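Visitor: Protein chains in written order, with our numbering: chain A, 1 to 291; chain B, 1 to 342.
These are calculated hints, taken from the structure and not from any lab test. Quick caveat, the model's predicted, so the values are computed rather than measured. Treat the hints with care, since some could be wrong.
[Claimed, not checked] From the derived model, a few chain B residues whose C-beta atoms are all more than 12 Å from chain A:
no., residue
1, 76
2, 82
3, 208
4, 304
5, 310
6, 319
[Stated by the list, open to error] If the Cβ cut is set under 8 Å, some of the chain A residues that face chain B in the computed set are:
no., residue
7, 39
8, 42
9, 154
Note that beta-carbon positions come from the ideal geometry of N, C-alpha and C, so glycine has one too.
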Amino acid sequence: MAMSPRMRLLRPWQWTKNAFVFVGVLFGGHAGDWHLYPPVLLVFVLACAASSAVYVFNDIMDRERDRHHPLKCLRPIPSGAVSLSQAALLSLTLGATALLGSAWLHFGTFLCILLYLINNILYSLWLKDHPLLDVLSIAMGFMLRMLAGVYILGELPTSWILLCTFFLTLFLGIAKRRAEMATLSGQVSRQRLVLGKYSLPFLDILLGATGVMTMVCYALFTALGGKSPAQILTLPLVFYAIFHYLRLVLVHNYGEDPTDVLFKDPRLALIIAAWLTLYLAIEQGHPVLFR
Amino acid sequence: MRHLVTGGSGFLGNLIARRLLARGEQVRILDIWEDASRPPAIEFVRCDILDRDGVAAAMQGVDVVHHNVALVPLTKSGDRFREVNTEGSRLAAELAARAGVQAFIHMSSSALYGNPAQLPITDQTPLRPVEIYGRAKLAGEQAVLEVCKKHGLPLIVIRPRTILGEGRLGIFQILFEWIREGRDVYTIGDGNGLFQFVHAHDLMDFYMIALDSGRTGIYNVGSDRFGTLREGLERLIQVAGTSSRVRALPPGLTIATLTLLDTLHLSPLAPWHYLTYHKPFHFDVAPLLAMGWKPRYSNDEMFQESYAWFLQHYDRLMAEKAGGAHRRPVKEAILRVVKWLS
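Full structure from sequences and hints, please.
Guide: Structure representation (structure tokens):
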């Protein structure tokens with residue numbers, strides 16, 4: 001069934017990114033505490049409202065630019081399917097819902113949602129045209145989603161969760177730039193100003209560096225994060241997931257959107273599922289294999 | 001002897017101060033609010049436990065410090081639990097040591113044990129709190145232990161079970177209200193695990209025995225006669241003579257729902273209640289009995305006495321709003337819907 005233009009404006013397929021709110025409950029030693037999932041689910045819903053508010057805001061800001069993009073010109077605002085005033089009202093309502101809802105739940109979560117919205121507005125208006133700051137802003141968006149899901153539990157995040165999320169989301173953001181660079185080679189300057197300030201070799205170096213940092217941080221998290229030492233068994237799966245993703249980006253020019261990659265490459269989804277299963281099994285079972 | 005009772009306007013602090021006064025001791029209390037019914041012989045100092053200078057001044061010339069300042073689970077204080085229950089306790093112990101007091105008595109909590117794997121609980125049972133209040137109380141107790149050890153300050157730690165009596169109803173007020181109206185009451189799970197309470201008077205009796213013995217250590221205090229939560233409620237309903245029945249709720253689903261309602265600020269129940277009240281919980285009190293303590297109240301007697309007190313003060317309870325969380329009537333909030341359906 002085709003989605004209505006207004007629904008398309010909210011980009012529900014992008015809500016998978018808000019799954020980062022579950023990082024805290026899954027990796028903070030609470031994976032088996034079922035009662036904690038409903039509150040985090042509430043934060044997920046609020047994060048979806050906040051992210052949709054931002055998507056609509058972006059589409060409003062980019063409407064002129066999008067008219068010249070081969071695919072983006074079909075989006076609801078540039079195509080005229082949703083009027084500018086309707087879109088603005090939608091964005092404001094969603095943003096206000098996310099802010100008021102999170103303020104009702106928890107101050108820390110509210111702060112994360114507020115900073116998430118500010119970060120995204122700054123990204124839309126300014127940061128997206130500045131190399132490195134653009135990808136840092138994307139990573140920040142993920143960090144804030146993750147933190148919103150931690151604070152609602154009345155917990156504080158560990159440095160390990162912060163480090164792993166930071167490098168992984170930087171890696172994904174850079175992969176996105178790399179893919180855009182590869183697909184839009186001819187029309188770089190008109191579509192994304194920032195791509196003119198990067199180069200393929202530079203993005204490749206960044207991609208390799210952040211991929212390695214993600215791997216190293218995860219490895220140290222398993223060894224020093226107060227977890228069962230058996231979590232080291234999950235390293236090969238994480239290695240495969242990260243470097244398989246890198247291969248998809250570098251060899252097949254995938255990666256414009258991490259969510260698309262997951263759908264396009266079932267192997268990656270399978271590896272992630274296997275890693276998560278093994279991680280949780282070790283956490284619940286506490287097998288004593290190493291010291 | 002001169003005593004300082006921190007949190008002396010609160011439920012336990014107030015009882016301790018009055019007991020000490022009745023024994024002819026000199027008593028000073030420290031609190032952020034003044035209890036209007038305080039006997040004039042008890043000196044009152046208005047001070048926050050985190051106000052270093054104020055607390056230090058209150059400790060001058062004091063022989064024994066009774067530390068009772070705490071935010072209770074019902075206050076749902078979030079990060080403030082850490083500030084008051086952990087840092088407040090550490091500060092109280094440090095300033096007591098600096099003021100040269102002779103002994104420090106720390107009011108701890110059974111929440112330190114969380115959902116213990118083995119029963120009965122002894123002082124060897126691992127401390128594994130399952131919620132924010134218990135974790136803050138554990139960190140507070142550890143801080144006090146550390147400070148007292150470092151300064152050679154004699155320390156008595158009291159970990160009481162859930163307290164009833166002397167007008168303290170806590171969340172039981174909700175159950176009592178429903179029983180009075182003949183509505184069904186609910187337990188999380190079947191309510192068939194052994195569940196121990198302690199009466200405020202019995203707790204005070206032991207408190208004074210521990211104080212007089214001068215034996216430093218950690219004491220788990222609970223009644224020596226107790227059954228299951230279901231038995232307690234069923235007997236109470238029988239005595240109350242209403243048409244209420246005890247109904248069991250599936251624990252997993254109920255805990256998830258209560259967590260969600262708590263997050264939405266729609267339920268009065270705190271994590272300490274809904275995460276632990278479905279599990280059996282009782283202390284081994286043999287070491288306390290060996291010290292000559294004779295608890296007067298069984299679980300049933302406590303329930304019945306509290307219910308009688310509740311009926312007697314019904315009108316006032318419904319109107320009263322002031323005071324600490326344990327002395328204030330609990331509002332049902334969203335649980336009203338459950339009551340309406342019962």
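Visitor: Hint by hint, say whether it matches the structure.
Guide: Tested hints:
1. 76: Incorrect as stated: the minimum Cβ-Cβ distance to chain A is 10 Å, not above 12 Å.
2. 82: violated (10 Å)
3. 208: holds (36 Å)
4. 304: holds (33 Å)
5. 310: For residue 310/B, whose nearest Cβ neighbour in chain A is about 30 Å away, the distance exceeds 12 Å, so it holds.
6. 319: Holds, because the least Cβ-Cβ distance between residue 319/B and chain A comes to about 28 Å, which exceeds 12 Å.
7. 39: Holds - the Cβ of residue 39/A comes within 8 Å of chain B, reaching about 4 Å at its closest.
8. 42: holds (6 Å)
9. 154: Cβ of residue 154/A sits 5 Å from chain B, so the hint holds.
Hint compliance for this structure: hints 1 and 2 are broken, all remaining hints hold.
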